[in-house]
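**Q** Using the sequences plus the hints, can you model the full thing?
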Amino acid sequence: MTETHEARIARLGIQIPAAPALRAAKIQMARKLGNVLYVSGQLPTIGSELSFVGRVGENLDLNQAKQAAYRSGLNVLAQARAALPGGLDDVISVVNLRGFVACAAHFTQIAEVVNGASELMVEVFGEAGAHTRSALGVTNMPHGVVVEIEAMFEVR
Amino acid sequence: MTETHEARIARLGIQIPAAPALRAAKIQMARKLGNVLYVSGQLPTIGSELSFVGRVGENLDLNQAKQAAYRSGLNVLAQARAALPGGLDDVISVVNLRGFVACAAHFTQIAEVVNGASELMVEVFGEAGAHTRSALGVTNMPHGVVVEIEAMFEVR
Amino acid sequence: MTETHEARIARLGIQIPAAPALRAAKIQMARKLGNVLYVSGQLPTIGSELSFVGRVGENLDLNQAKQAAYRSGLNVLAQARAALPGGLDDVISVVNLRGFVACAAHFTQIAEVVNGASELMVEVFGEAGAHTRSALGVTNMPHGVVVEIEAMFEVR
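Line order of the protein sequences matches chains A, B and C. Plus 410 on top of the position in the first sequence (first one is 1) and you've got my numbering. Plus 410 on top of the position in the second sequence (first one is 1) and you've got my numbering. Plus 410 on top of the position in the third sequence (first one is 1) and you've got my numbering.
Don't take each hint at face value.
Unchecked claim - Computed footprint of chain B on chain A, listed as stretches where at least three residues anywhere in the stretch have a Cβ under 8 Å from a Cβ of chain B:
| # | region |
| --- | --- |
| 1 | 436-450 |
| 2 | 552-561 |
Claimed, not checked - The calculated lysine-lysine pairs, modelled on DSBU-like cross-linking and capped at a C-alpha distance of 30 Å, are:
| # | chain 1 | residue 1 | chain 2 | residue 2 |
| --- | --- | --- | --- | --- |
| 3 | A | K442 | C | K442 |
| 4 | B | K442 | C | K442 |
| 5 | B | K442 | A | K442 |
Hints were generated in silico from the structure; no laboratory data involved. Bear in mind the structure is a predicted one, so any value in this text is a computation, not a measurement. Virtual Cβ for every residue (Gly too), placed ideally from N, Cα, C.
**A** Written out as C-alpha cells, the structure is:
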C-alpha cells in the first residue's frame with residue numbers, strides 16, 4: 411500500500427503549524443475551484459509572530475532567506491491542510507509555486523532562496539511535489555518580510 | 411429574491427468606468443477559459459489618462475496608493491463586465507487578485523495598499539467577493555503608475 | 411486547409427531552441443493540468459549560457475531588453491513543445507503571459523520590453539496568440555538576467 415501524504419509527514423517528523431490567521435477580513439487564505447486549490451501568498455510568520463524581516467543581501471543572508479522560504483512553504487501547507495476536507499491527503503500534486511524575495515540590488519541567488527519552499531514540497535509529496543515555478547527578487551513584501559510564497563495544488 | 415451584482419452596483423452607486431482600451435494590439439484585456447475569466451493587470455488610469463504616477467513612500471502616500479488600487483480594481487471590473495455576455499451578473503465569485511505596488515525601499519504597508527482593490531470586490535460582490543491574494547512591492551509598473559491589479563473570476 | 415502551428419513556424423523560419431534544462435531537480439519546466447499547460451518562468455538563456463545579464467536603464471537599453479524578452483519567449487515555446495505529445499500543434503491558444511523585468515528606478519517602459527515576448531506569440535500562433543498579460547519592473551531575476559517570462563497555454 412502507498413503511504414498517504416499525512417502519514418509520510420508524520421513519519422518524517424515535519425511540523426506543519428496551525429494555519430496562520432487571516433490578515434484581512436476580505437482575504438481568503440485558500441480557495442478551491444474545480445480540482446485546483448489556490449493558496450494566497452504566505453509569509454514566513456511563526457504563529458502570529460513576524461519573523462525573517464528584512465532583505466537578503468542586506469541584513470539577512472542566503473541561508474536565512476532560504477529558511478524563510480521553507481517557513482512560508484510550511485504556512486502554505488498549513489493553509490492547504492485547513493482548506494481541504496481530507497487534509498493534505500486530498501492533494502494530488504503541486505502544480506505551481508511563485509516565490510517572491512525581497513533582495514538587495516546586488517543579490518541574484520533568487521532561485522536558491524525559493525528552493526527552500528520547493529524542496530519542502532518534494533520532501534512532503536515525493537514525486538507529486540515537483541512543480542512549475544517562477545522566482546523574482548522584489549523591493550518589499552507585506553510587513554517587510556523577506557519571502558512570500560503562493561501556490562496552486564491539484565486536489566481531489 | 412437575491413439582488414443581482416449589477417443591481418447592487420447600481421444601488422450602491424459604484425461608478426464602473428468604460429473598459430480602458432488595449433495598450434497593445436496583441437494583448438487581450440480579459441480572456442475566458444472554461445469557467446474562469448482571466449483579467450490582465452490593470453493600471454489606475456482614469457479613461458485614457460494616466461494618474462497615480464510615482465511610488466508610495468516617495469511622492470504618493472498610503473491613502474493615495476490605496477485609492478489607486480481602488481481605481482485599478484474598477485478597471486478590472488470594467489474589463490470583466492465588457493468581456494462577459496451578461497456583464498458582472500455572470501460572475502460567480504472572485505478567485506484571486508494579485509496586487510503589485512511600486513514602493514520606496516522603506517515602505518512595507520503593501521497589503522494595506524492592495525486592500526483598496528480587495529475591499530471593492532467585497533463591496534460589489536458581497537461574500538462572493540472574498541478571494542485569495544498575493545501582494546508585492548516592486549520597482550516600477552508600466553508607465554510609472556503606482557499600482558497594478560490582475561484578477562481571476564469564476565464565471566458562468 | 412489551415413496551416414498547423416509547426417508548419418507556420420517552419421515557414422517563417424522561427425528558430426525555437428532545444429528546451430533549456432532544469433535549473434533544479436525539483437522544478438518542472440512545464441506541467442499540464444486538464445487543458446491548461448503551465449510553463450515555469452523562463453530566462454533569456456541561449457542554450458546553457460546566461461545572456462542579457464543586468465538591468466534595463468542601467469547596462470542594457472530598451473532594445474536589448476526587448477530582445478531578451480523575445481529570447482525568454484522562445485524558451486517558453488521550447489518548453490511547451492517538449493512537454494506536449496504533438497508539440498506546438500497541441501496548443502489551442504495562449505491564455506496568459508507574465509513578464510518580469512529587472513529595471514533601473516527611472517525606467518518605466520516595462521510594457522514595451524515585454525512586447526518582445528507578446529509579439530512572438532502572435533507571430534507564431536496568429537490570432538490564437540493573443541493573450542492576457544501582466545508586466546512588472548522588479549529588482550532582480552535569478553542569475554541576474556534582465557527578463558523572466560511565464561506562460562499559460564490552452565492545449566489539446
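**Q** Each hint needs a verdict: does it hold in this structure or not?
**A** Comparing the hints with the structure gives:
1. 436-450: holds (count 11)
2. 552-561: holds (count 5)
3. A:K442 / C:K442: holds, 18 Å
4. B:K442 / C:K442: holds, 18 Å
5. B:K442 / A:K442: At roughly 18 Å apart (the allowed maximum being 30 Å), K442 (chain A) and K442 (chain B) satisfy the hint.
When the structure is compared with the earlier hints, no violation turns up for any of them.
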